[in-house]
Every structure is written in C-alpha cells, then in structure tokens.
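Mapping the sequence shown onto the working numbering, position 45 (from 1) lands on 45, and the numbers just tick up by one.
In short, the hints are calculated from the structure, not lab data.
There could be a bad hint or two in this list.
Pair ranges (Cβ atoms, derived) [claimed, not checked]:
| no. | residue 1 | residue 2 | range |
| --- | --- | --- | --- |
| 1 | E10 | L107 | 15 to 25 Å |
| 2 | E10 | P94 | 36 to 46 Å |
| 3 | S27 | C100 | 11 to 21 Å |
| 4 | E53 | T9 | 19 to 29 Å |
| 5 | D63 | A41 | 11 to 21 Å |
| 6 | L65 | T12 | 18 to 28 Å |
| 7 | H42 | A17 | 12 to 22 Å |
| 8 | T35 | F59 | 12 to 22 Å |
| 9 | G34 | E10 | 34 to 44 Å |
| 10 | F25 | L78 | 17 to 27 Å |
| 11 | E10 | A41 | 40 to 50 Å |
| 12 | A93 | E10 | 30 to 40 Å |
| 13 | A6 | H42 | 37 to 47 Å |
| 14 | L107 | H42 | 14 to 24 Å |
Note that CB positions come from ideal geometry on N, CA and C, so glycine has one too.
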Amino acid sequence: MLSDPASVTEETIDIQAYCVRNTRFNSRKVSGGGTLLDDLAHLPGRVRVLWGEGDDSQFRPADLLIGEIRAAVGELDLHRIPKAGHWSAYENAPRSTGGCSEFFSSLKPDRAAPARRCGRGSTMDGMPPRHPAPAICP
1 MLSDPASVTE ETIDIQAYCV RNTRFNSRKV SGGGTLLDDL AHLPGRVRVL WGEGDDSQFR
61 PADLLIGEIR AAVGELDLHR IPKAGHWSAY ENAPRSTGGC SEFFSSLKPD RAAPARRCGR
121 GSTMDGMPPR HPAPAICP
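Put together the whole structure using the sequences plus the hints.
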C-alpha cells in the first residue's frame, strides 16, 4: 500500500483500520470482478490513471496492469506518481491532487458525459447511498 516505510505511522494505521471497518463499497468486485476492463472500454472521453511508482509487485505487476488498461481504453493518460505506492494520494498528495485538478479543469463541457443514476439510486454494489446525494456511475 505504501512505498516508504516511514509513511507507516499510527495515524496511517488508524486511517486504514477506519476505512476497513466503515467501507460500504466492495472494491474487490471492481478490481477482481472481471468487468473493470470492459467497463473502462465503454467510458466516453479520456481516461487518466494516476499510479504510484511504488505500486508494483510480483502479484500485481504495474506494467502488466497498466498495459491491460491501455489495451482496453486505447489512448491512456498515464501519470506515474513518484515517491508513492498504492496510496499515492496519501504519500504524495501534491502530485496526486495536482494531476486530478489539471485533468478535471481540462475537460470541455461538450466532452463531459451526462451523469446517470446507478439503478434505483443505489451505489454500484447495490448498497444504499451513504449520503443524500445521488449515486453517479460512469
């Protein structure tokens, strides 16, 4: 998750423990469910991926996974985040948030896809939304 052992603090462990206990979204259904690449292939517009340079392992080789995403979407707007692992926004927030801000500010209104509700106002995994705002799907 983290590329630098110095990033592992009591606060980091507390954040992870809180997220594990309170998540309402089963991300394994997305990452390991077999539909992610096809879902990405059907997205309109440009796809940007922020990937920590330290988010690489024999089990999850970054080059292989990024190659699969690139094959699915065609032109991939890839940004490798230095000094960061899987939690790139935590380990290198300036580069991660800068990459997001630049991407979203570059979108033209005519290229933005209209928001759609997931099912009957539920989240993608079938659980009710945590907040009153409607669930939005790509």
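Comparing the hints with the structure gives:
1. E10 <-> L107: 15 to 25 Å: Since the Cβ atoms of E10 and L107 sit about 39 Å apart, the hinted range of 15 to 25 Å is violated.
2. E10 <-> P94: 36 to 46 Å: Once the Cβ atoms are compared, 23 Å apart, the range 36 to 46 Å for P94 and E10 is violated.
3. S27 <-> C100: 11 to 21 Å: 18 Å, holds
4. E53 <-> T9: 19 to 29 Å: 21 Å, holds
5. D63 <-> A41: 11 to 21 Å: Taking Cβ atoms as reference, D63 and A41 lie about 20 Å apart, which means the hint holds.
6. L65 <-> T12: 18 to 28 Å: 24 Å, holds
7. H42 <-> A17: 12 to 22 Å: About 35 Å separates the Cβ atoms of H42 and A17, which means 12 to 22 Å is violated.
8. T35 <-> F59: 12 to 22 Å: About 20 Å separates the Cβ atoms of T35 and F59, which means 12 to 22 Å holds.
9. G34 <-> E10: 34 to 44 Å: 37 Å, holds
10. F25 <-> L78: 17 to 27 Å: 24 Å, holds
11. E10 <-> A41: 40 to 50 Å: This hint holds: roughly 41 Å between Cβ atoms.
12. A93 <-> E10: 30 to 40 Å: 19 Å, violated
13. A6 <-> H42: 37 to 47 Å: With Cβ atoms ~40 Å apart, the hint holds.
14. L107 <-> H42: 14 to 24 Å: 18 Å, holds
In the structure shown, a violation is registered for the earlier hints numbered 1, 2, 7 and 12, in ascending order.
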